[in-house]
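Build the full structure now, drawing on both the sequences and the hints.
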Amino acid sequence: MQLHTLTISEAHDLLKRKKITSVELTRAVVDRIEAVEPKVLAFLTRTFEDALEQANAADKAIAAGKITPLTGIPLGIKDLICTDGIRTTCGSHILEDFIPPFDAFVMRKLKAQNAVIAGKLNMDEFAMGSTNEHSAFQVTHNPWGLEHSPGGSSGGSAAAVAADMCLGALGSDTGGSVRQPASHCGVVGLKPTYGRVSRFGLVAFASSLDQIGPLSKTVTDSAILLQAIAGHDEADSTSVPNGVPNYSACLGRDLKGLRIGLPKEYFDIEGLDPQVASAVKKAIDTLSGLGAQTVEVTLPHTEYGVAAYYIIAPSEASSNLARYDGVKYGLRDKQKTELLEMYRGSRSQGFGPEVQRRILIGTYCLSAGYYDAYYGKASQIRTLIARDFEQAFQKCDVIAAPAAPTPATALGESLDDPLAMYLSDVFTLPANLAGIPGISVPCGFSDKGLPIGLQLLGGHFAEETLFKTAYQFEQATEFHKKRPPL
Amino acid sequence: MEFEPVIGLEVHAQLNTSTKIFCACSTRFGAEPNTHVCPVCLGMPGSLPVLNKKVVEYTLRMALATNCDIPPQSRFARKNYFYPDLPKGYQISQYELPIAINGHLDIDMQDGSSKRIGITRIHMEEDAGKLIHDGSLPVSHVDLNRTGVPLMEIVSEPDLRSAAEAGVYLRNLRAIIRWIGIGDGNMEEGSFRCDANISIRPKGSDTFGTRTETKNLNSFKNVEKAIRYEIARQTEILLDTGQVVQETRLWNPGKGVTESMRSKEQAHDYRYFPDPDLLPLVIEKKWISAVQKDLPELPSQRRERFVTEMAIPDYDAGVLTSSRELADYYESCLKTFNQPKHVSNWIMGSLLGLLNAEGKSIEDCPIAPKDLAQLLKLLDEGAISGKIAKTVFEEMSSTGKPPKQIVEEKGLVQVSDTSIIEKEIDAVIAANPNEVERYKDGQKKLIGFFVGQVMRATKGKANPKMVNELLMKKLGT
Numbered sequence: 001m002q003l004h005t006l007t008i009s010e011a012h013d014l015l016k017r018k019k020i021t022s023v024e025l026t027r028a029v030v031d032r033i034e035a036v037e038p039k040v041l042a043f044l045t046r047t048f049e050d051a052l053e054q055a056n057a058a059d060k061a062i063a064a065g066k067i068t069p070l071t072g073i074p075l076g077i078k079d080l081i082c083t084d085g086i087r088t089t090c091g092s093h094i095l096e097d098f099i100p101p102f103d104a105f106v107m108r109k110l111k112a113q114n115a116v117i118a119g120k121l122n123m124d125e126f127a128m129g130s131t132n133e134h135s136a137f138q139v140t141h142n143p144w145g146l147e148h149s150p151g152g153s154s155g156g157s158a159a160a161v162a163a164d165m166c167l168g169a170l171g172s173d174t175g176g177s178v179r180q181p182a183s184h185c186g187v188v189g190l191k192p193t194y195g196r197v198s199r200f201g202l203v204a205f206a207s208s209l210d211q212i213g214p215l216s217k218t219v220t221d222s223a224i225l226l227q228a229i230a231g232h233d234e235a236d237s238t239s240v241p242n243g244v245p246n247y248s249a250c251l252g253r254d255l256k257g258l259r260i261g262l263p264k265e266y267f268d269i270e271g272l273d274p275q276v277a278s279a280v281k282k283a284i285d286t287l288s289g290l291g292a293q294t295v296e297v298t299l300p301h302t303e304y305g306v307a308a309y310y311i312i313a314p315s316e317a318s319s320n321l322a323r324y325d326g327v328k329y330g331l332r333d334k335q336k337t338e339l340l341e342m343y344r345g346s347r348s349q350g351f352g353p354e355v356q357r358r359i360l361i362g363t364y365c366l367s368a369g370y371y372d373a374y375y376g377k378a379s380q381i382r383t384l385i386a387r388d389f390e391q392a393f394q395k396c397d398v399i400a401a402p403a404a405p406t407p408a409t410a411l412g413e414s415l416d417d418p419l420a421m422y423l424s425d426v427f428t429l430p431a432n433l434a435g436i437p438g439i440s441v442p443c444g445f446s447d448k449g450l451p452i453g454l455q456l457l458g459g460h461f462a463e464e465t466l467f468k469t470a471y472q473f474e475q476a477t478e479f480h481k482k483r484p485p486l
Numbered sequence: 001m002e003f004e005p006v007i008g009l010e011v012h013a014q015l016n017t018s019t020k021i022f023c024a025c026s027t028r029f030g031a032e033p034n035t036h037v038c039p040v041c042l043g044m045p046g047s048l049p050v051l052n053k054k055v056v057e058y059t060l061r062m063a064l065a066t067n068c069d070i071p072p073q074s075r076f077a078r079k080n081y082f083y084p085d086l087p088k089g090y091q092i093s094q095y096e097l098p099i100a101i102n103g104h105l106d107i108d109m110q111d112g113s114s115k116r117i118g119i120t121r122i123h124m125e126e127d128a129g130k131l132i133h134d135g136s137l138p139v140s141h142v143d144l145n146r147t148g149v150p151l152m153e154i155v156s157e158p159d160l161r162s163a164a165e166a167g168v169y170l171r172n173l174r175a176i177i178r179w180i181g182i183g184d185g186n187m188e189e190g191s192f193r194c195d196a197n198i199s200i201r202p203k204g205s206d207t208f209g210t211r212t213e214t215k216n217l218n219s220f221k222n223v224e225k226a227i228r229y230e231i232a233r234q235t236e237i238l239l240d241t242g243q244v245v246q247e248t249r250l251w252n253p254g255k256g257v258t259e260s261m262r263s264k265e266q267a268h269d270y271r272y273f274p275d276p277d278l279l280p281l282v283i284e285k286k287w288i289s290a291v292q293k294d295l296p297e298l299p300s301q302r303r304e305r306f307v308t309e310m311a312i313p314d315y316d317a318g319v320l321t322s323s324r325e326l327a328d329y330y331e332s333c334l335k336t337f338n339q340p341k342h343v344s345n346w347i348m349g350s351l352l353g354l355l356n357a358e359g360k361s362i363e364d365c366p367i368a369p370k371d372l373a374q375l376l377k378l379l380d381e382g383a384i385s386g387k388i389a390k391t392v393f394e395e396m397s398s399t400g401k402p403p404k405q406i407v408e409e410k411g412l413v414q415v416s417d418t419s420i421i422e423k424e425i426d427a428v429i430a431a432n433p434n435e436v437e438r439y440k441d442g443q444k445k446l447i448g449f450f451v452g453q454v455m456r457a458t459k460g461k462a463n464p465k466m467v468n469e470l471l472m473k474k475l476g477t
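Respectively, the protein sequence lines represent chains P and Y.
Per our numbering, the first sequence starts with residue 1, numbered consecutively.
Per our numbering, the second sequence starts with residue 1, numbered consecutively.
Worth flagging that the hints you see were computed from the coordinates, not collected in a lab.
Keep in mind that this is a model prediction, so the values were computed, not measured.
Positions of the beta carbon are idealized from the N, C-alpha and C atoms, including for glycine.
There may be inaccurate statements among the hints.
Here are the in silico distance ranges between beta carbons for each label pair [stated by the list, open to error]:
(1) P:Asn56 <-> Y:Ser289: 54 to 64 Å
(2) Y:Lys115 <-> P:Gly376: 34 to 44 Å
(3) P:Glu390 <-> Y:Trp287: 25 to 35 Å
Below are the DSS-like pairs computed for lysine-lysine, each with C-alpha atoms no more than 25 Å apart in a straight line [claimed, not checked]:
(4) Y:Lys360 <-> Y:Lys390
(5) P:Lys336 <-> Y:Lys130
(6) Y:Lys459 <-> Y:Lys401
(7) P:Lys377 <-> Y:Lys79
(8) P:Lys482 <-> P:Lys281
(9) Y:Lys79 <-> P:Lys328
(10) P:Lys109 <-> P:Lys18
(11) Y:Lys459 <-> Y:Lys377
(12) Y:Lys53 <-> Y:Lys286
(13) Y:Lys130 <-> P:Lys328
(14) Y:Lys215 <-> Y:Lys225
(15) Y:Lys130 <-> P:Lys334
Laid out in structure tokens, this is it:
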């Protein structure tokens with residue numbers, strides 16, 4: 001048995017029945033990482049020693065009868081989530097040597113379950129990018145086609161899960177950064193409702209859009225991971241006090257009577273790859289075959305989504321990233337002795353071109369005389385987009401759409417064209433603007449063998465509906481069972 | 001042409017909550033550098049602010065005490081600028097939607113009239129850290145203990161017309177802050193700071209001239225001095241038919257001048273926007289009424305009550321309500337000796353005189369209110385004379401002993417026994433035949449001489465009224 005290929009729920013079952021130990025499982029994962037990581041380059045920091053210690057502790061807990069769904073399960077963490085004592089780079093030179101003195105809320109939750117952390121995963125710098133090519137350290141390769149991008153920004157997380165280098169991972173989704181790489185790597189990726197998971201310890205890109213979400217091999221595992229990390233946190237004023245439902249309990253429910261909304265605007269979008277369109281249409285047919293009905297809905301402000309997003313997100317980022325000034329932590333240009341020069345030197349050396357571009361855009365949009373025309377207007381559009389969804393969800397329970405307009409792009413393809421990269425977020429970023437949850441599940445492959453994802457969107461706190469729908473779809477299809485040819 | 005200054009003040013007052021505005025770190029002053037810090041106030045990646053409710057409550061107290069409207073919703077905003085004492089690269093403040101607006105404060109003018117000064121807004125924000133520049137090396141040290149200490153900014157309307165008015169307004173504001181227990185208002189220590197917006201216009205004009213903003217006003221004296229300087233400077237420019245430049249100026253207390261700091265063109269663009277890490281702050285009516293209920297009787301209300309209930313002059317009531325502790329002291333005295341004007345005279349005269357001379361505030365007063373009241377009671381009952389009362393008062397202030405004890409120990413009880421006084425009078429008359437002769441010849445002024453002699457003989461203890469009466473009787477009128 002190849003332990004690293006197990007899903008979380010399978011491994012949990014074996015651990016619980018004492019057929020395997022967490023140390024065995026963790027060793028298998030470590031071996032797997034050592035075998036395929038040179039091709040994939042998903043990890044920025046490996047924490048094998050810690051992982052084996054945690055596995056040991058997990059085995060002791062299990063022996064003492066204390067087992068939870070994540071006890072002893074090796075996971076990977078996007079390098080944007082603070083880990084106490086383990087460097088957290090955000091894929092940026094400016095934080096290359098930054099070691100947080102505290103754990104993110106989600107890390108505390110995982111540790112409380114005796115989960116095992118295999119390492120920190122690559123990402124576009126500060127989560128800005130859709131290909132992982134904007135990491136300051138390395139480019140992660142798509143396990144399904146090494147010449148291709150794994151997507152981004154949580155590309156390292158998606159690739160690591162797809163390549164069986166961890167049983168599940170955490171990413172973060174600001175405009176599609178969990179769902180799009182999940183789609184490109186053939187795994188399940190969930191962006192929860194804004195406020196469902198605490199952002200405390202998630203290094204901010206765009207605070208009003210950021211949300212931590214799980215990447216996993218199956219929908220069942222996605223539900224397990226969300227269960228573990230969801231919940232109110234007083235340290236995050238935007239986290240909601242709503243109770244957390246039992247997500248696994250909803251998986252078996254059938255889809256009879258479920259109304260699936262098909263936004264006409266989404267399928268008319270220029271640049272939608274015909275293979276993606278066809279895979280998503282087939283997926284919708286599958287859902288209909290399972291008892292769901294389709295209804296046409298309209299999201300009339302879709303065309304303004306990208307523009308609004310690329311004002312709001314960089315505006316917030318320009319402020320969130322001001323703290324990296326070389327004064328307190330992170331990279332400092334030690335050559336410069338004058339304050340302003342030191343700021344300039346540190347930030348110019350520390351930030352890559354995509355981050356600098358967004359800081360400039362954001363700074364401009366918030367400037368006196370431009371604020372109303374840009375940030376103000378974008379905020380209004382955001383309200384309209386949220387209202388579009390509210391109205392659509394009066395007619396349907398979930399919205400089905402592609403996760404990305406194309407399968408994974410070839411590495412190097414979009415680097416010269418930031419606008420093309422921004423436009424590829426068209427299906428994912430509206431959910432962030434509206435604060436609603438979305439999930440991507442594997443629904444096919446391109447003729448080059450690259451995965452395609454079906455995205456399902458729900459109303460606020462409709463994660464159960466998303467899980468149920470995605471799970472029934474997954475059970476009716478075989479896509480999730482295929483493994484990449486590594 | 002006659003000019004008129006137009007002045008508005010921006011006051012930053014530190015709120016004396018025990019913890020910071022967005023984290024649980026202590027606000028205590030004077031600790032070792034960078035010991036009252038945590039990931040939140042250090043601006044560490046991934047940290048998030050959580051609003052301290054006490055800060056809101058304190059600001060609401062101020063808002064109610066200055067007659068402000070409190071909108072149902074306010075917002076925190078980020079003020080973006082780079083400086084090493086600002087770890088996040090932005091200050092969390094309030095901008096478009098402050099917690100309180102449209103208030104006012106009535107101040108006393110020198111002519112005894114009252115003037116209403118509008119308060120545009122009050123908002124909450126976090127303080128920045130402190131830079132300590134090395135004297136010998138080209139090195140600066142950053143102390144972030146103060147980062148995140150809560151501040152309240154109070155912005156006045158441009159309703160002030162002189163340096164003196166500005167001074168009165170500022171002192172009133174500080175008195176209220178202390179009165180309602182939300183801050184210590186110490187200008188020298190920086191817990192109460194003030195920037196002044198000043199412009200000049202022809203008297204009678206209803207448009208504003210170009211204004212300057214003057215910073216670094218670190219004492220009440222300096223505020224008034226800087227305003228006077230700036231008024232004179234601008235007036236001179238206008239008389240020269242020049243133009244005042246809109247700019248930020250810095251008061252140089254050493255030279256006694258304001259100096260240009262940065263022009264309008266160099267002004268920062270703070271790129272304010274709503275802070276996405278903090279939810280809109282909803283202030284429910286319930287909360288406002290709870291704060292209102294806990295609010296102490298305010299200086300103006302208490303002053304009015306003193307005038308109507310105690311029947312003391314408004315001037316007295318004004319002095320007695322200049323601090324809550326003083327007003328409490330006064331009322332405490334009245335519990336033992338309920339003669340309001342009598343007590344007020346002694347507090348305003350002897351007691352405040354003593355405290356001023358020793359540079360003490362009423363909190364450090366060595367004389368307990370009940371003892372002062374006891375002293376006045378002894379005086380009123382005729383047990384001691386006014387002169388003796390002064391002696392006893394001085395003794396009380398240096399020893400803290402109760403007045404009765406002092407009177408007894410020193411044998412200062414007033415002599416009202418007719419036979420004793422008559423004996424002394426007879427002796428004085430016998431010893432001064434010449435004066436008696438002259439008195440009888442019509443030099444009636446000499447009565448003072450005889451009274452003095454008797455008082456001296458009795459060491460001041462004889463009841464002076466009785467001495468007078470008995471003398472007249474013996475000498476004949």
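Tell me the hint numbers this structure goes against, listed in increasing order.
none
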